[in-house]
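Sequences listed follow chains A and B, in order.
Going by the working numbering, the first residue of the first sequence is number 1, and it counts up by one from there.
Going by the working numbering, the first residue of the second sequence is number 122, and it counts up by one from there.
Check before you lean on any hint, since a few could be wrong.
For the chain A half of the interface with chain B, some residues (derived, Cβ under 8 Å), not all of them [what the hints assert, rightly or not]: (1) K50; (2) A53; (3) Y54; (4) G57; (5) E60; (6) R107.
No lab work stands behind these hints: they were computed from the structure.
The structure displayed is predicted, hence computed values, not measured ones.
Idealized CB from N, CA, C, for every residue including glycine.
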Amino acid sequence: MIAMKKRKNVLMAFALMLFATLSAAAQTKQEEVKIKTSAVCKMCKATIEKSLAYEKGIKEATLDVPSQIVTVTFNPTKTNAARIKKAINETGYDADQLPADARAYDRLDDCCKKDKGIHEN
Amino acid sequence: MNSIYKSYTKLIRIAAIFLLLPQLINAQTIKGTVLDGSEPNTQIPLPGANVYWLGTTQGTITDSLGNFSLEQRDAASNLVISYVGFTGDTIQVNNTTQFYRISLAPQGSLNEVVVKSSPTYISRTETAKIETITTKELQKAACCNLSESFETNASVDVSYSDAVTGAKQVQMLGLDGTYVQINSENIPSIRGLSTTYGLSFVPGTWISAIDVGKGAGSVVNGYESIAGQINVELQKPETSDRLLLNTYINDMGRTELNLTLAHPFNKKWSTGLLLHGSRMGDELESKMDRNKDGFLDLPMSKQYNVVNRWKYNGERVQSQFGIKALYDSRKGGQMNYYQPEHQEMDTIPVDMDHGPGHEDMPNYYLQKKPYYGTSTETRRIEGFAKTALLFPETPYKGLGLILSGINHEQNSFFGYNTYNGKQQTVYANLIYQTIINNTNHGLKFGASYLLDSYNEQYRDSTFARTESVPGVFGEYTYTIPEKFTAVVGLRTDFHNMYGPIVTPRVHLKYNLTPQTTLRASAGSGFRVANPIAENTSVLISSRQLLVKGQLEPEKAWNYGVNLTHEFTILGKNGLLGVDLYRTDFINQIITDMDTDPRQIAFYNLDGKSYANSAQVELQYEPLKSLDVKMAYKYYDVKNTINGELLARQFVSRNRFFLNLGYATKFDKWKLDFTTQWHGAKRIPSTSANEEVYRRDSYSPAYLLFNAQVTRAFKKWDIYLGGENLGNFRQSNPIIAADQPFGPNFDASLIWGPVYGRMIYAGMRFKIK
Chain A
1 MIAMKKRKNV
11 LMAFALMLFA
21 TLSAAAQTKQ
31 EEVKIKTSAV
41 CKMCKATIEK
51 SLAYEKGIKE
61 ATLDVPSQIV
71 TVTFNPTKTN
81 AARIKKAINE
91 TGYDADQLPA
101 DARAYDRLDD
111 CCKKDKGIHE
121 N
Chain B
122 MNSIYKSYTK
132 LIRIAAIFLL
142 LPQLINAQTI
152 KGTVLDGSEP
162 NTQIPLPGAN
172 VYWLGTTQGT
182 ITDSLGNFSL
192 EQRDAASNLV
202 ISYVGFTGDT
212 IQVNNTTQFY
222 RISLAPQGSL
232 NEVVVKSSPT
242 YISRTETAKI
252 ETITTKELQK
262 AACCNLSESF
272 ETNASVDVSY
282 SDAVTGAKQV
292 QMLGLDGTYV
302 QINSENIPSI
312 RGLSTTYGLS
322 FVPGTWISAI
332 DVGKGAGSVV
342 NGYESIAGQI
352 NVELQKPETS
362 DRLLLNTYIN
372 DMGRTELNLT
382 LAHPFNKKWS
392 TGLLLHGSRM
402 GDELESKMDR
412 NKDGFLDLPM
422 SKQYNVVNRW
432 KYNGERVQSQ
442 FGIKALYDSR
452 KGGQMNYYQP
462 EHQEMDTIPV
472 DMDHGPGHED
482 MPNYYLQKKP
492 YYGTSTETRR
502 IEGFAKTALL
512 FPETPYKGLG
522 LILSGINHEQ
532 NSFFGYNTYN
542 GKQQTVYANL
552 IYQTIINNTN
562 HGLKFGASYL
572 LDSYNEQYRD
582 STFARTESVP
592 GVFGEYTYTI
602 PEKFTAVVGL
612 RTDFHNMYGP
622 IVTPRVHLKY
632 NLTPQTTLRA
642 SAGSGFRVAN
652 PIAENTSVLI
662 SSRQLLVKGQ
672 LEPEKAWNYG
682 VNLTHEFTIL
692 GKNGLLGVDL
702 YRTDFINQII
712 TDMDTDPRQI
722 AFYNLDGKSY
732 ANSAQVELQY
742 EPLKSLDVKM
752 AYKYYDVKNT
762 INGELLARQF
772 VSRNRFFLNL
782 GYATKFDKWK
792 LDFTTQWHGA
802 KRIPSTSANE
812 EVYRRDSYSP
822 AYLLFNAQVT
832 RAFKKWDIYL
842 GGENLGNFRQ
852 SNPIIAADQP
862 FGPNFDASLI
872 WGPVYGRMIY
882 AGMRFKIK
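So that you can see chain B by itself, here it is in the shape it has in the complex (with noise of 0.2 Å):
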């Protein structure tokens, strides 16, 4: 009975739908043709059209004619169309039986798509959390180079690495710079030799804005990262300022001056000249030594820094060159070094017996003692050229081509240790982006080419390696529009030292709701280390450099998972988000400073090393004009040294960031200010030294305020800031100062400010 009952109803169903399907068609379809906007005479088909209604997943594409149809249900009404290249519309459709015409406009600059010259082209923004950071964001600290830059950004920490060279690191997820990708407009930059000092070779005043991205990357812009992409776009010739002056001047005697040209000689061809350079302390000051423990707090350095690029917008090619030339030199040491008086030696009296019968001679004699100084010089040279293929017709496709040569030179000492290396890279990377059937199916394939020279002497060994890598790529994107977009990577290199090295990348994003976003990624990354090049600091000691056993790549998988939610609370707009990372590493070259204080060892990990973190940041606008951005920052990083699963020298477990940002209207005057709070930190073990020479095994926590104001006129601003403002600093940073030759001696311990309060001033002048 039941059962005839069912079919019974399933037929009067079947019935219904036939008879009513005609009726359907006739009253609920939609159709229409999307055509190119390009050429407004012409009527250029689109075929291959994303179609649907808004807040849906249902929808088409367009056929070959650029002809769709859609069924319209319930309460839909609004029709968006989009198309790579080209600016997506939406249509308000009250009429079905109108045939809807719908053009579309190209978008104003392809480079976002093939180029990549500006800041994230598209699949990636969309599906990957990328953090921008604009020229508006920098300007909140004005000084002075890219280590400067992540101050307002929770994403980004930034570290200090010695006591004498002035180095900053960045970190991300609680891991070293030298897992994190950085690129300069996408093009591989501060990687190898040039990883302690290579942020600051890039300028503040240079950068138009930062690409943050933490996890996996890309499989497109190479292996290497692991804990995160960082892409540094600099001025642009054909859309910054005719003329950018800035200057600046500090307390501790550092003038810098930058001056960024730009100059469009038709709609097709411009130039641009950046130009820096800056000076501390040529001649010695005592505010140089503010702990009194004899050594210079910062060196006395010199920066000469420029670029110049040509760029050609065509409407098939479009092509970009230009070269960088850089000269750093940093010195520092003890003061007395740099004495011209008692340049090179000091007399100190050293005990000694003359034996029996000559109780008449004095019972010591006048030694020499030197004084410790150290001094690092870089020049670098790099040449690069970028060229896109568009096709007018097909607005998806492009051919991508990225070249670039750089000769890196790096001449160093520190008292005793002399160290010298020089990099050769040349890379390639060739990408074409197209599309399947249409552009919910989006395809990136290519080839590149690494290839590395290395050579280093450190004291009297000698380390060369040769590194040719190419590689080939290839990278899915499935979208569905406004809901959900998967992207899959895959790349496999060839290394010639360690073979093939198979590098998958997968990104997820899901909109929950149109206000909140969950993302995921997980992904391997590979990468050799340049143990020297990337602790340097660790040469400013008397420890002894041991390499155990061969040293083999870094590799690694991250995976992670992030929420992002916008809210508006009393009419105000906030965002939440919540990041959770954890990079597991299969080999890492420890960095071994606790099994023997006057040593330092690097070897293949043997057991575990892993980096959790977890991040909560909460941006609101509690009143009109005033940004407020926290979070709260946890990091479990713990590697396996020695036998013994201990912490990460130097990470704090917990941190907290705060910004507040006040403007008036107009931006007239701008306020600024951050306060940052360190947890404690582990300090590598000491206490095989003598008594005098230990260390706690953990720093203090410690709190930093930096302000700034900004007064804008209109072709003016001026500023004046402070940082570290609450004047924290590391106290004794240096152990053994006064025996710099003797065997306790060392400045690599360092998990604070060396420095303390310093107050800056500049202004910017700008030609529009």
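Next up, chain A with everything else stripped away, as it sits in the complex (with noise of 0.2 Å):
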């Protein structure tokens, strides 16, 4: 009788502990954080948020074409705006008001350059 009731309060202590860091996770901050680019078109639009889901901290990233603003949530106790904005510079794109690396924008396909303009496809 005994054993089972410290069998129970075991696994009372353990779904306590799950609840606590359920909660805790739930709790973490997140910020968000609307960035303009260079993005042209949808292929930019991919190249973007695959490269910034690598990015530690990172939780979504969204593109907007029409726009060039890509939505950034993010926890800020791992990353920041600015190392997000390094990380869109680094794959060829500019970043507010900070230009792309000038050899990931050379790697770009042709039609994510920016004298393209935005457009369909």
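Take the two lone chains, each set in its own frame, and fit them into one complex as the hints suggest.
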């Protein structure tokens, strides 16, 4: 009987711990930043979103091609807006006032070059 | 009465046309000019540009001032403007009175048109069915070299050639890889003496793309392709990652290291360095002989391989040159051959009779028994240069020169069979590309020169020959935009040994609907066989090698049709392809392993030899991120061996292929699964052998499974996979494995994998 109770307590403690962890996770701070990029097409959207997905601390990134704005949700304890912009630059795109890394830009597909203007497909 | 009525209506019609004509012109003729967009501040016209209504054959070309006028009919409102060397444009025409100024942007890289360093160049891509295997696809098979790169491609089959050297061969249309022209960046690469091992000389991570074309190829690349062409593109210094490091290890003890480096100095100059080192099983481990026949299942191997190239991208000149060097060694045979304590000999009792009066003496004596070893060492050095002259004012023109020189040496022995070969090759190809009036009529012509010097020694015989082949070629491309393309090519080569060789080739492409394309091709091919180098595997046997008569060059015709249909079902895209090809040999060097199991004979074809193939391929994405590819292939390949029309040895009549690829969001996890079913294959007759040394006349059908999982990080990828997961093995691959110097020994009757399941792991690290 005592053994049973003990096991129950252990289970309770475990459940509590799990709950605590879950709520802690839910409470992690999330911040959102909007960055203007030099993306011009769907391919650029895919490239930037994929590249940001591999960055530390980034929860989600969504780029809107017509406005060229990428909305990034991130954990401020792990990254910050400056780092996110740097990652965008290294992918070959301007991020707000920061210019794209020249080599990365050269490597972009022809349809993703700035002079193409915003276009479909 | 009737005729009067007819004339009357005719008259009315003519009158109506005359009355309405000026109005038609005024209201519905579009006028405009096409300009070169590369110089935004100047207004350079583009003469000869194509202007046509989307989805129709109605169009025109611009005059010498870049001007055009085109009638607008029906509901056509999208005007397409295209010009070779420029990115095409489509404009919406709403206002017919407006004068349209259209400036086209030059294409990013003219490489595509002239230097041919990019996967395919324009006219071919459109007309012949070319499948491109990209890096993404190549990573699905992590190991190890070109021979493993076709795992996820339905058109190319890979076979095993022998039980000792571990060399793999490709097959297309049911024909051996020797009938496939394998180029490295459009320079003839795997041919002649490198046929057997050449595929393993191109490490997988060096490859940026592979183009696979079935049937007759373009005459621009030479006369040798019969069953198809494979062009391998290596990592480019100006576009590839700055650094890519790949490591690989498998449970057979193979370790591999690949490093590719790219360094751009400035906008114009860049250099790339590709390095490869691999080794397998230097210290002998028992797992190297899984089937317990005393022989290594795979050879112990070592390979060092390097490529360095330099590239210059100017406005008028593009050039690249470089050097390739390779050392490859593989040692196989019996395990005991490599044991230091009895490296050469072991003793066995041999019966003997000393005759009457010597009954007290032992009735045997001890004889030393040699072990069977094989060794192949290859040293190869190659230099190449490709230069293109560009004409920025007339981007449809280009002049390209390809030069290459190769020195290839192979030294080998298989038991007592020694084979040494040396091949020296010089190749030059000059190509001029232009248009006639407008880009609907493309023209390429040029001249080539091939020098091949062979010196082969097999046991105590020497075979030497020098081939010197100058040639000229021309290829005309006719295009009705979006509808029809025809490529007609002809080349004539003047062979110093075999006289003039005329090679005609035709490719047609017709778009039945925007989603359905019908293609057809026909053409001839010609090659001089190197029977020993191409059949190294038979040297690993006690078969006696015979060459009957004077061997003539191989010549064949190839015809094919294929249909590609893109479709959308339930919102998901798919592709259906049907390919039908036939190859008819006029002459072929027959590899006769059937007439006598103690012999291998080479002789000219006397009778029929053909290969019919049919392939049905389906690609579909039933769920997001799940790609399914499946293909069924039927091969009817027969040749006349000793007066009898027999199925080609080791070719399955039926094959099935299935590839499943799944990737999570942003490709963080990638899972791949491939299965291949090989139908029964004919095995050369062993009926003349003693019963214990006979084999079935057909192999069983078998299934192979491969799978791989890759996890990607920002700079890293790690992968884990397995080949032949079902652990299927050909049982008793070697006949008389216990008597390698006896008359029945034969390791050449291989139809399936000799080693079983193989698990591997590795990682890739890149700096962009």
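Results for each hint:
Look at K50/A: its Cβ gets to within about 5 Å of chain B, closer than 8 Å, so that hint holds up. With a least beta-carbon distance of about 4 Å to chain B, the hint placing A53/A at the interface is held under the 8 Å criterion. Given the 8 Å rule on beta carbons, the hint for Y54/A holds: about 4 Å separates it from the nearest Cβ of chain B. Given the 8 Å rule on beta carbons, the hint for G57/A is violated: about 12 Å separates it from the nearest Cβ of chain B.
Given hint, E60/A at the interface with chain B, is violated; its Cβ is 11 Å from that chain's nearest Cβ, farther than 8 Å. For R107/A, the suggested interface contact is upheld, since its CB lies about 6 Å from the closest CB of chain B, less than 8 Å.
Of the numbered hints listed earlier, those contradicted by the structure are 4 and 5.
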